[in-house]
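Participant: Below are the chains, spelled out letter by letter.
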Amino acid sequence: MAQPPFRLESRTNFPMVWVEELDAYMHWFPVTKVQFEYFLCEVNDSQFDESWYDEILSLNPRVSPTAIRGTNYWRAFITGVLPSEAQRFARWCGQDFSLPTIEEWTIAYRALKQQQPEDVAAILGLAKLNERARTLVQRLDTAPQAALKQLGYPRTRAEQMLLRLGVLEWVECRNQASRWGGIGETYPDFHSALFSPESGQPRLPKDPETDRIPYYGFRLLWRPE
Amino acid sequence: MPRITCPFCLQPHDTGASATFICPIYKETIPAPYIREYDNTSPLWLVTVGFPKHGKTTYLAALTLTLQHMSSVWPGSYYRALDQYTMDAARDWMRAARLGVQNESTPRSIPRPLLLSMYKIPSSGSRCLVMYDVAGEIYDRLHEVEEYVASIKQVSTTWFFVSLKDMRDQDRTLSDLFTVYLSGLENLHADLTNRNLIVVYTKADEIPFPQDIRQYLMNDRFQAVTVPDAERPDFSTFTMDDYYAEMQAMSDRLRTYTRERVLGGDPFINMVEGQRMNLVFSVTSALGEKPDDSNRLREDARRYRILDPFLWAMRLERPSVTRPITLILDTTKRARVIYHETVLGDLWAQLSTKGAVSAYTMGRQRPASSPGQTPLLTSPATARPRLIGPILERLPPDTTALVLTTGRILDLTDYDTPSWRKRLLIVGFDWEPDQEWAQTLVLQKGASTSVLIDALMRLHP
Numbered sequence: 001m002a003q004p005p006f007r008l009e010s011r012t013n014f015p016m017v018w019v020e021e022l023d024a025y026m027h028w029f030p031v032t033k034v035q036f037e038y039f040l041c042e043v044n045d046s047q048f049d050e051s052w053y054d055e056i057l058s059l060n061p062r063v064s065p066t067a068i069r070g071t072n073y074w075r076a077f078i079t080g081v082l083p084s085e086a087q088r089f090a091r092w093c094g095q096d097f098s099l100p101t102i103e104e105w106t107i108a109y110r111a112l113k114q115q116q117p118e119d120v121a122a123i124l125g126l127a128k129l130n131e132r133a134r135t136l137v138q139r140l141d142t143a144p145q146a147a148l149k150q151l152g153y154p155r156t157r158a159e160q161m162l163l164r165l166g167v168l169e170w171v172e173c174r175n176q177a178s179r180w181g182g183i184g185e186t187y188p189d190f191h192s193a194l195f196s197p198e199s200g201q202p203r204l205p206k207d208p209e210t211d212r213i214p215y216y217g218f219r220l221l222w223r224p225e
Numbered sequence: 001m002p003r004i005t006c007p008f009c010l011q012p013h014d015t016g017a018s019a020t021f022i023c024p025i026y027k028e029t030i031p032a033p034y035i036r037e038y039d040n041t042s043p044l045w046l047v048t049v050g051f052p053k054h055g056k057t058t059y060l061a062a063l064t065l066t067l068q069h070m071s072s073v074w075p076g077s078y079y080r081a082l083d084q085y086t087m088d089a090a091r092d093w094m095r096a097a098r099l100g101v102q103n104e105s106t107p108r109s110i111p112r113p114l115l116l117s118m119y120k121i122p123s124s125g126s127r128c129l130v131m132y133d134v135a136g137e138i139y140d141r142l143h144e145v146e147e148y149v150a151s152i153k154q155v156s157t158t159w160f161f162v163s164l165k166d167m168r169d170q171d172r173t174l175s176d177l178f179t180v181y182l183s184g185l186e187n188l189h190a191d192l193t194n195r196n197l198i199v200v201y202t203k204a205d206e207i208p209f210p211q212d213i214r215q216y217l218m219n220d221r222f223q224a225v226t227v228p229d230a231e232r233p234d235f236s237t238f239t240m241d242d243y244y245a246e247m248q249a250m251s252d253r254l255r256t257y258t259r260e261r262v263l264g265g266d267p268f269i270n271m272v273e274g275q276r277m278n279l280v281f282s283v284t285s286a287l288g289e290k291p292d293d294s295n296r297l298r299e300d301a302r303r304y305r306i307l308d309p310f311l312w313a314m315r316l317e318r319p320s321v322t323r324p325i326t327l328i329l330d331t332t333k334r335a336r337v338i339y340h341e342t343v344l345g346d347l348w349a350q351l352s353t354k355g356a357v358s359a360y361t362m363g364r365q366r367p368a369s370s371p372g373q374t375p376l377l378t379s380p381a382t383a384r385p386r387l388i389g390p391i392l393e394r395l396p397p398d399t400t401a402l403v404l405t406t407g408r409i410l411d412l413t414d415y416d417t418p419s420w421r422k423r424l425l426i427v428g429f430d431w432e433p434d435q436e437w438a439q440t441l442v443l444q445k446g447a448s449t450s451v452l453i454d455a456l457m458r459l460h461p
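Residue numbers (the numbering used here), protein chains in the order written: chain F, 1 to 225; chain U, 1 to 461.
Just so you know, these hints were derived from the structure itself, not from any lab. Among the hints, erroneous ones may be present.
What the hints assert, rightly or not - Below, a list of computed lysine to any residue pairs in the SDA-like style, where the Cα atoms sit at most 25 Å apart:
no., chain 1, residue 1, chain 2, residue 2
1, F, Lys128, U, Lys445
2, U, Lys120, U, His69
3, U, Lys333, F, Glu55
4, F, Lys206, F, Thr66
5, U, Lys53, U, Thr239
6, U, Lys165, U, Arg253
7, U, Lys333, F, Asn130
8, F, Lys128, U, Asp398
9, U, Lys445, U, Met314
10, U, Lys422, F, Thr66
11, F, Lys128, U, Gln365
12, F, Lys128, U, Glu393
13, U, Lys333, F, Asn44
14, F, Lys206, F, Ser84
15, U, Lys422, F, Leu59
16, U, Lys422, U, Lys333
Unchecked claim - Derived coverage of chain U by chain F (criterion: at least 3 residues anywhere in the stretch with Cβ under 8 Å from a Cβ of chain F; other residues may be distant):
no., region
17, 377 to 383
18, 407 to 413
19, 441 to 449
Since the model is a prediction, treat every value here as computed from it, not as a measurement. We treat Cβ as the ideally placed atom computed from N, Cα and C, and that holds for glycine.
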């Protein structure tokens, strides 16, 4: 059965896009701090307390949706979380949500590279997208465009979704020495590294389960029944 | 047991498991029904203001008598004096009414409240009247208002008793009385915004009011309620809403009359409106005629429009009681001092007199307490991030919110929208908010929380 191209993930009402090649929805952007804050305000785990979030924010400070610019847009994303914490968020979103594997992420990236950017109005028109999320989506659609231009990248749907120039995204690497790796590309002002998602090879942090890396974030896949 | 606002000291008390409770400040026993029924028969706080001999006490006597007899026209309703003091006062008034003599003036002392509960009033439910009958002499001197009438600051509805004839004979004006009242409140650092001022023109039989006003008085459908064996009018042909509509029309009429015909009336109305108070007018006659020189009535008293000031008080208080108010609290380590009787306890009790209060803790989407439920005075075990977004987004659009914080709120600027700017008050507790926000205040440790209530009431969702 054909799926609608866009849906809101039901916990935080943030947009997801249907990726035919994966037979799954994928978050339109890496998970934002605003999304993660809904999680923080709902779960009982004492682990996610004030000091936990203070530490997270010290790694990559928060920016309000209305203050997002080309020079700070990466601050909108939740970073510094460990893979286990990202998984906890995924479980909270629902049993059909998961972190992508490196293979899934790469398939999506390559497919989306072949597509034209979407008119953001299609997302902004989704019912239940609240005012704050709407501002966030709109700003994250426009703010990174200068960065793309500066680096000479063409803007496909993959760039629009910040699979490139967003954050390094946690992916599961089943056939690697380490279970967790990172894929994507960051803007040099956020974190400078000569790394590109084109290869399909993940970066493999030494201590992914304990080391909070300021430029590592994530997005989820959702396979509705 | 509920947490209550004490009718004697007007401070909040936790009454514990006991049926009665002794006010630790005034050493007076708070009656058991007042405590037991606090949530369902909420207090209707009233204070009287008026110069000596302007008919305050006589009116209160007539009102008590009328309320005692209302069950004959309001099926199922009943009246109850909650303590011995009120019972004794009511008995004295009834004796005076039966013998046709006027009541003694109120002694000049710190007023003790009269506690009368009226149950099952049509369209209004049950309310406990907490009335402070203040001696008129106190309003002769500016400084005494502050000394004797601390209750005036806490009580949001005031009956402003004016006998136009006596005022003229005493060379006083309406604005004189209001100036005394205003000065007293200013000395108590109270804000008058949104307070209710009900002008009660007493002794209406002594004033040559225009015909339409006199007709209104005489057409009182409840007039015969206190007259023994009188024929009861047919109450099936009108509703209380009809009655309220008549009261509103008469209030408008009396406002015009006051501007045009009452000495000092025009500046009085301008002053009251300048303070952004709610002003309404009513007219009554508690005896129906002037007593003779020995202060006796020659006929049985006929009481006109006695219920109007009471009904006005209920009507004006009603919207504020149902106004949704959200209190959002900091849970970080520094904020532990908030969870104390004198801070959160006071704040919650005061807010509860203004609306239906729900409490939340920052960083927690689920409410900490629902309306009518006292929030715990112990700080939560887990310090949560100072986040308010997931709470604000769930609130109804007519809610005003007060956030009590000891530090920066992480997502406050996300809500810098016209809608939230006018209904969200940020209060730094012992901390100066460093975030740009239209409505911010600082509450120093040990300071009264009443200033916060006044500020919150000024917000308009």
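Participant: Give a verdict on every hint.
Facilitator: Hints, verified against the model:
For the hint pairing Lys128(F) with Lys445(U), the CA-to-CA distance comes to about 42 Å; that exceeds 25 Å, so the pair is violated. For a cut-off of 25 Å, the pair hint linking Lys120(U) to His69(U) stands: about 13 Å separates their Cα positions. A hinted pair counts as satisfied when its Cα atoms are at most 25 Å apart, and Lys333(U) with Glu55(F) qualifies at roughly 16 Å. With a C-alpha separation of about 36 Å, the suggested pairing of Lys206(F) with Thr66(F) is violated against the 25 Å cut-off.
Taking the CA atoms of Lys53(U) and Thr239(U), the gap is about 35 Å. The hint is violated against a cut of 25 Å. Between Lys165(U) and Arg253(U), the direct Cα distance comes to roughly 19 Å. Compliance with the 25 Å bound is thereby established for this hinted pair. Annotation: proposed proximity of Lys333(U) to Asn130(F) is violated, straight-line Cα distance about 32 Å (limit 25 Å). The hinted pair formed by Lys128(F) and Asp398(U) meets the criterion: a straight-line CA distance of about 20 Å does not exceed 25 Å.
A threshold of 25 Å between alpha carbons decides the hint, and for Lys445(U) with Met314(U) the separation of about 35 Å lies outside it, so the pair is violated. Among the hinted pairs, Lys422(U) with Thr66(F) is consistent with the structure: their alpha-carbon atoms are about 19 Å apart, no more than 25 Å. Straight-line distance between C-alpha atoms of Lys128(F) and Gln365(U) comes to about 18 Å, which keeps the hinted pair within the 25 Å bound. In summary, the hint linking Lys128(F) to Glu393(U) is supported, as the alpha carbons are separated by about 12 Å, within the 25 Å threshold.
With a CA separation close to 18 Å, the supplied pair Lys333(U) and Asn44(F) stays within the 25 Å bound. A threshold of 25 Å between alpha carbons decides the hint, and for Lys206(F) with Ser84(F) the separation of about 15 Å falls inside it, so the pair holds. In summary, the hint linking Lys422(U) to Leu59(F) is not supported, as the alpha carbons are separated by about 34 Å, beyond the 25 Å threshold. A distance of roughly 29 Å separates the Cα atoms of Lys422(U) and Lys333(U); the hinted pair therefore is violated under the 25 Å criterion.
Check on the region 377 to 383 of chain U: 3 of its residues sit with their Cβ under 8 Å from a Cβ of chain F, so the three-residue criterion for coverage holds. Coverage of the region 407 to 413 of chain U by chain F holds. Counting CB-CB distances below 8 Å, 3 residues qualify, and the rule asks for three or more. Under the rule that three or more residues need a Cβ within less than 8 Å of chain F, the assignment of the region 441 to 449 of chain U is violated, with 0 such residues.
Taken one by one, the earlier hints fail for this structure at numbers 1, 4, 5, 7, 9, 15, 16 and 19, listed in ascending order.
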